[in-house]
Amino acid sequence: MLVHGVLAADPLIGFDLAALGRNFWALTVDGLTYGAVYALVAVGYTLVYGVLRLINFAHSEIFMLGMFGQYATLLALGFYPSGDAFDKGILLTVLYLGIAMIGGMVVAGGAAVGLERVAYRPLRKRGAPSLVFLITAIGASFVIQEFVHFVLPALTGGELGGVNAEQPIRLVEPEVQFTLFGANVTNVTLIIIFSALILALATDMFINRTKFGRGIRAVAQDPVTATLMGVSRERIIMLTFLIGGVLAGAAALLYTLRVPNGIIYSGGFILGIKAFSAAVLGGIGNLRGALLGGLLLGVMENYGQVVFGTEWRDVVAFVLLIVVLMFRPTGILGESLGRARA
Amino acid sequence: MQRTARRTTGGLALALAATLAITACGTQSQGDDGGSTETSSETGSADLKIVPSVQIDIDGAEVPVETSGDPVDPAGDGAAECAEGTSIAMAGALTGPNAALGQNILYGAKVAVDAFNAANAGCQVTIKEFDTEGDPQKATQVAPQIVGDASIIALLGPAFSGETSATGDVFSQAGLPSLSASATNPDITKNGWKTFFRGLANDAVQGPAVAKYMVDTLGYEKVCVVQDNSDYGVGLAKEITAGLGDAADDSCSAEVKVGDKDFAAATQLISSSDADAVFYAGYYAEAAPFAQQLRDAGVDIPFVSADGTNDPQFVTQAGAASKGAILSCPCGPAPDDFAAAYEALNGQAPGVYSVEGYDLATIMLTGIASGVTDRAGMLDFVTNYDGEGLARTYKWDDTGELSSALIWIYEVQ
Amino acid sequence: MSTSTPAENDGTTQPVRPRPELPPAGQTPVAQRPHGGLGDRFRLWWDALARPAQWGVGVPFILFVALLPILNIPVLTTVGTNFGAVMAQFGMYALIAIGLNVVVGQAGLLDLGYVGFYAIGAYTLAILTSPDSPWNVTQPEGWLSDDWAWLAILPVAVAITAMSGLVLGSPTLRLRGDYLAIVTLGFGEIVRLLADNLDEITGGGQGLKSVAYPRLGVTEELPNGVFSAGNVGTTLNSGVWWFWLSLVFIIISLMLVGNLERSRVGRAWVAIREDEDAAEIMGVPTFRFKLWAFVIGASIGGVSGAIYAGQVQFVIPTNFNIINSVLFLCAVVLGGQGNKLGVILGAFIIVYLPNFFLGRTSLFGIPIDGNEIANYKYLFFGVALMVLMIFRPQGLIPVRQKLLTYGRELYVAARRTLAKMPDGGPQAAYATAAPASGTGSGTDGPAGNGAGERDETTDGGNR
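Residue numbers (the working numbering), protein chains in the order written: chain A, 322 to 663; chain B, 894 to 1306; chain C, 1095 to 1557.
I should point out that these hints are in silico values taken from the structure, not numbers from a laboratory.
Warning: the hint list may mix true and false statements.
[Stated by the list, open to error] BS3-like mimics (lysine-lysine), calculated; alpha carbons at most 30 Å apart, straight line:
#1 B:K1083 - B:K1115
#2 B:K1115 - B:K1021
#3 B:K1105 - A:K409
#4 B:K1021 - C:K1471
#5 A:K409 - B:K1216
#6 B:K1216 - B:K1083
#7 B:K1105 - B:K942
#8 B:K1150 - B:K1131
#9 C:K1471 - A:K446
#10 B:K1131 - C:K1471
#11 B:K1105 - B:K1150
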């Protein structure tokens, strides 16, 4: 590696492979929990790109709204911010988690569809070029962030939103369940990975097995022919945004399980870029690619921050994105959504 | 459930909501989670509090506590007279990504000004707000306006070291006393400015003291120093690492970023090391999840941190994970009635530097009450000031540093 | 926004007639509705003026702008912040807008990491002149006199920024549109994180202070010269001086960019922007010209960064957040991508509007809470971007391509003919007008591209 030479001469960037060796499995497990979140968010990018050839830059804000959605749901259920976990027993905890997840999904899914209606549809009607879409998406991203930053606290009397992160509500206390090659696997890790797995499988089946999924694939492959065959393009586009939003909402809950303090108006941005990187890594427009890319990115980022130092974590992700785009812009599994089938 | 009721009061006026919240929480206890009782309006963990334990000097040696006098009351004797329009200015980040710190200072100052104005009918002081967004360039745009407004006789701020560096010349030449509640970069006072006063100890004092205390008194032989990327965190970590000497373990030191919420890698490094303690140089917003994640990962070595973390919010957010944490501070504890007044006025709990904002504003108001009418008079007053505040004794040396360099060690119990 | 309603403006002088305009600047059917408002008439009038007359109008106008912060015009002058300092920031943003416009507006490359170049310019200057940095070359540790440090390092800063443009551009410019945007976004973040993480050189979160600035006009009262932050005079404060300094650089870069625009390079950019594949096939070495755009854009950003570091005398990573990139882009899009004067207006709006409201308690007698309004600026800019993209994607002052270097008179004549054309519909008008304007004097769009491409092919043959 080029960097290595620099490092040997200059201790500016630490380089500690031994640390990676010591913590390899622990980092892998933790990276997978992150990767699961990236993967779910990445699906939103990839589906929209597959169908519209559009990078929905504002998807990160949909995710952020999802975090607030599940948080508000928990507040409405009578939970309150606390440093300690609510230990309500497995069944009740799962129930509450499920309700909160649905809350997040509803908010994020609704926001995604709303975004499509308000921002993108008028542009599509005018046949604007992709640059115009992207700039609109950036504008929308600003608007959503500032909405949560300024307007939401005014609407909720300061309960939600504002400058500071929300006080965490912790439903699950992380407890080590078993040890895998020396890596502690906690209940939170298990919940995240299994929920993400189920959601990913469900999405994959939906896209590949159902009538709607066929519609999405058809529009992705050839919008004109699909329309001629009786597929309503507008409805499919709405559906695509909805699925992306719903998954982002689910990811939001999983993310806050792992990072309870992350609920803040600016909390979606970096994660969104990483999820996009994950989508590109796996091959944008390709559903399974997004899932694979998410997991890979989560794990590699975790390795990277131990090798180079924790402060380089984001840099690792960005450099990875640039390298992938330079050498294999179609990603690991290739681009097309239409070709990704069971 | 009363809690649900509390959550739905959102639409009501803030003062009403706050009152409701305090009464609601004061009277109830949670049955199913081990009988936690709330001690404040924010639902805290079971009775954990930051409790002062010892006072140390710069060599880390314990210093007996001398009973200091009561803190100065901003209300004064109620007989202050001053010209109409007399004002003080507050400059700092009030909007933008760093707004929380600036607001903490401003709101703290407002508590003092409110108390003063309520008590002194003959002297109504306005506090003028100037937003710098924490951006040095913005500060250079704002500074001339502050200087140009003749009714302003003292400045609370600038809040950050960067904007202070960028504007110090301006205030110095205009002879406007500027009392910063939060700029901790040690170099700021080396510019020869006559009007700058730092309202808290700089890192060069706290760092060595705490480091020596950890090694000599607590007997730690191996400490992992974790720092954030703020001006404060970087400076403090440098001092701590130097002070720890061989006890600072480089292999488990880590850097995190302000705004980070996940500390998996740092946690991993520390859990795989055999360190005796973790020192965190940064603010409570990151310290709380960090402490929690350390505990979650099964790391139970002592968590040591400094004034940026020494905040009730740390305990609130970290919950049981904060138990046993050792927190230093050049400050004395913030009394409960200040917290109550603050929350009643501003609708939120006091945060980092709120107390400093209050104390420094109190000093200015005391000056005005004593008959100071212009900048030169205020400069003279502050230069010769020697009094108790909520947080500490305020008395400056001729560079604008606090002359008292004693550090308090607290423990979460 | 008056230009968007042709009927209103033209109604007084001429029969209303939609102009046979083709879409400007990388635009789309959205933009195909005719323009013929005030802007167009002004443009026509301006183009018709002889060079000396243009100077005769232009110089007093520039002088007027330069004197704005001194004239203290009532409503216009900012209340909560110092007008001179605001204008200084406007100057820097205007430079950035000009640089970014080369990349986004002229070559059609969406760069979301432009703040990275701004940061590199600022940090180069800071690293080489701040006493906190190990690589400080100024006295007393170094050899460079403090008095000249800023001016001496400026070319270095520009060179390094240009090189960073080359380094970023050469691998990434093979990517198209959306991908490029995201990669540059990543680049911008990487630059900021480097500044944050390489703390032994950049000071990390503590930043670098006491950066050099030009020491000019040293007097008894101003021991550090007129550019020092200590110069807080009521009229001629340091902000005004920095504004004037950036005006000089604005004029220099406008001339540079203007000449490039009219040259082979500029025509190649337009060709790439309109249709990269077509341009490539017609023999335009697209990659090389894209790289050119990137490097030129980057160096102008570097100049602006160096001015920033000098004015504030302090750099810290948080001032180079990605949100600034978006603000810069907002300036370009708002003003009109591709129009170098339009984007300066865009920069003015971005910088001036929030400051206009700051600290204002009443406007024209109506009580307002200016601070509150200024607070919401990102919300407003976000909404502005969205609305603009739907209703006026070409920006407030859209660009008109005229690719003819020496054919101004012809161009004007052609435009006048078009304006006076009797009935026959836009298409007919265009069909008759285009030949009349001669082979190379295409007005817009395809005709212009044709010229550019032809040019390129012959050049390609010569190489």
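Going through the hints against the structure:
1. B:K1083 - B:K1115: 34 Å, violated
2. B:K1115 - B:K1021: Judged against 30 Å, a Cα distance of about 48 Å means the pair is violated.
3. B:K1105 - A:K409: Not satisfied, since the Cα-Cα distance of roughly 44 Å exceeds 30 Å.
4. B:K1021 - C:K1471: Judged against 30 Å, a Cα distance of about 21 Å means the pair holds.
5. A:K409 - B:K1216: This hinted pair holds, its Cα atoms lying about 23 Å apart.
6. B:K1216 - B:K1083: Distance ~39 Å between K1216 (chain B) and K1083 (chain B) Cα, so the pair is violated.
7. B:K1105 - B:K942: Distance ~25 Å between K1105 (chain B) and K942 (chain B) Cα, so the pair holds.
8. B:K1150 - B:K1131: 16 Å, holds
9. C:K1471 - A:K446: Holds, because 29 Å separates the two Cα atoms, which is no more than 30 Å.
10. B:K1131 - C:K1471: 38 Å, violated
11. B:K1105 - B:K1150: OK: K1105 (chain B) and K1150 (chain B) at ~26 Å, within 30 Å.
Violated hints for the displayed structure, listed by number in ascending order: 1, 2, 3, 6 and 10.
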